[in-house]
Amino acid sequence: MNVSAEQQDLIQYAIRLGDDSLILGHRLSEWVSNGPFLEEDIAQGNIALDYIGRARMYYSLAADIHNQCGEMNVKSEDDYAYLRDERQYQNHLINELPRGDFAYTTVRQLIVDLYNVYYLEALKQSSEAQLSAIAHKAAKETSYHSRRSKQWTLRLGDGTAESKLRMQNALDDIWGYTHEMFEQDELEQRLIDRGVAVDCARFKQAWEQDITAIISQSGLKLPEAQWSVRGGREGYHTENLGHILTELQFVHRSIPDARW
Numbered sequence: 000m001n002v003s004a005e006q007q008d009l010i011q012y013a014i015r016l017g018d019d020s021l022i023l024g025h026r027l028s029e030w031v032s033n034g035p036f037l038e039e040d041i042a043q044g045n046i047a048l049d050y051i052g053r054a055r056m057y058y059s060l061a062a063d064i065h066n067q068c069g070e071m072n073v074k075s076e077d078d079y080a081y082l083r084d085e086r087q088y089q090n091h092l093i094n095e096l097p098r099g100d101f102a103y104t105t106v107r108q109l110i111v112d113l114y115n116v117y118y119l120e121a122l123k124q125s126s127e128a129q130l131s132a133i134a135h136k137a138a139k140e141t142s143y144h145s146r147r148s149k150q151w152t153l154r155l156g157d158g159t160a161e162s163k164l165r166m167q168n169a170l171d172d173i174w175g176y177t178h179e180m181f182e183q184d185e186l187e188q189r190l191i192d193r194g195v196a197v198d199c200a201r202f203k204q205a206w207e208q209d210i211t212a213i214i215s216q217s218g219l220k221l222p223e224a225q226w227s228v229r230g231g232r233e234g235y236h237t238e239n240l241g242h243i244l245t246e247l248q249f250v251h252r253s254i255p256d257a258r259w
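For the sequence shown, numbering that gives the first Met the number 0 begins at 0 and goes up steadily by one.
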C-alpha cells in the first residue's frame, strides 16, 4: 500500500511543526547551566523540554501515518530527528538563529510565543484528531510561555540603559525573520481547504497588534519592514542549522540502533 497524496501532505505538515519545535527546543536547551540565575536556568530548561516534547508528538504522528500505509521502511520519531540533513528540515528560520544573549532569547520567545498562542488555538479546531489533541496540550504550555516572555520583555525593555539597548538590538536583528512565519505554500493551502492546517492570515493582524502593544509598553520600537528572509519551509537554511544538527545527531549517527 502506498502513501496517498493527502496522507503525504499530512505527514509533511506534522514534520514541519515538529521541526519548528525541535530546533527551538534545542536552542533553548543551550541555556542550561548558562542562565543568568538558577531559577531562570531551570525555567529555560523546562521550556526547552516542552518544545522537544511537542516535536516528539508531531514526529510520532508522521511516523504513525507512514507506517499505517504499510510502507516497508518503518519509521519512528528518531528517524525524523536524527536521520535527515539540513535540506530536509523545514523549520522556520527564526527558530535556528543563535542563542545570543538573554535579551536576544527573550525577544525571539516573545515573537514565537505570541504566534503560538494564536496558532495552537486554531489548531485545536483541526479536523485531524491527533493534531487537535497535540494542540490542546501544547496550548496550555504556551499560555505560560507567553506570560513569561511578556514579563521579561517589559522588565528588560524598561530596565537599565544597557538592557534596553540589548533588547532593541535583538528586535532589530530578528524582526526580518517574522514575515516567513505567516507565509503558506500550496501544501498548507490544500490542508487548510480540508480543515486540517491553520490559516495564519486569520490571526496575523491580532498578533501584530499584540506585539506592537507590548513593544510600545516596554519602551522599544518596532523596526521598519526594510528586509525579510524566507526559505525554511523549502529546506533553505542559515548556516546555523548545520551546526545544530551536527551536535544533535552525532551520537545517533555514530552508534546507530543503540539502546540505552
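Just to be clear, a hint being listed does not mean it is correct.
[To be verified] Heads up, simulated DSSO-like pairs for lysine-lysine below, C-alpha to C-alpha not over 27 angstroms straight-line:
{"id": "1", "residue 1": "Lys123", "residue 2": "Lys136"}
{"id": "2", "residue 1": "Lys203", "residue 2": "Lys139"}
{"id": "3", "residue 1": "Lys163", "residue 2": "Lys220"}
{"id": "4", "residue 1": "Lys136", "residue 2": "Lys149"}
[Claimed, not checked] So the derived label-pair ranges between C-beta atoms look like this:
{"id": "5", "residue 1": "Arg189", "residue 2": "Pro255", "range": "32 to 38 angstroms"}
{"id": "6", "residue 1": "Asp184", "residue 2": "Gln225", "range": "34 to 40 angstroms"}
{"id": "7", "residue 1": "Ser126", "residue 2": "Glu182", "range": "30 to 36 angstroms"}
{"id": "8", "residue 1": "Gly230", "residue 2": "Pro255", "range": "42 to 48 angstroms"}
{"id": "9", "residue 1": "Ala160", "residue 2": "Gln7", "range": "30 to 36 angstroms"}
{"id": "10", "residue 1": "Ala212", "residue 2": "Thr245", "range": "21 to 27 angstroms"}
{"id": "11", "residue 1": "Thr245", "residue 2": "Val2", "range": "15 to 21 angstroms"}
{"id": "12", "residue 1": "Asp256", "residue 2": "Ala160", "range": "53 to 59 angstroms"}
{"id": "13", "residue 1": "Val73", "residue 2": "Pro35", "range": "23 to 29 angstroms"}
{"id": "14", "residue 1": "His135", "residue 2": "Leu37", "range": "30 to 36 angstroms"}
{"id": "15", "residue 1": "Ala160", "residue 2": "Ser3", "range": "28 to 34 angstroms"}
Because the hints were derived from the structure by calculation, they are not lab data.
Here a beta-carbon is modelled for each residue, glycine too, at the ideal position from N, C-alpha and C.
Hints and how they fare:
no., hint, verdict
1, Lys123 x Lys136, "holds, 9 angstroms"
2, Lys203 x Lys139, "holds, 21 angstroms"
3, Lys163 x Lys220, "holds, 11 angstroms"
4, Lys136 x Lys149, "holds, 21 angstroms"
5, Arg189 x Pro255: 32 to 38 angstroms, "holds, 35 angstroms"
6, Asp184 x Gln225: 34 to 40 angstroms, "violated, 24 angstroms"
7, Ser126 x Glu182: 30 to 36 angstroms, "violated, 22 angstroms"
8, Gly230 x Pro255: 42 to 48 angstroms, "violated, 30 angstroms"
9, Ala160 x Gln7: 30 to 36 angstroms, "violated, 53 angstroms"
10, Ala212 x Thr245: 21 to 27 angstroms, "violated, 40 angstroms"
11, Thr245 x Val2: 15 to 21 angstroms, "violated, 30 angstroms"
12, Asp256 x Ala160: 53 to 59 angstroms, "holds, 54 angstroms"
13, Val73 x Pro35: 23 to 29 angstroms, "violated, 44 angstroms"
14, His135 x Leu37: 30 to 36 angstroms, "holds, 32 angstroms"
15, Ala160 x Ser3: 28 to 34 angstroms, "violated, 59 angstroms"
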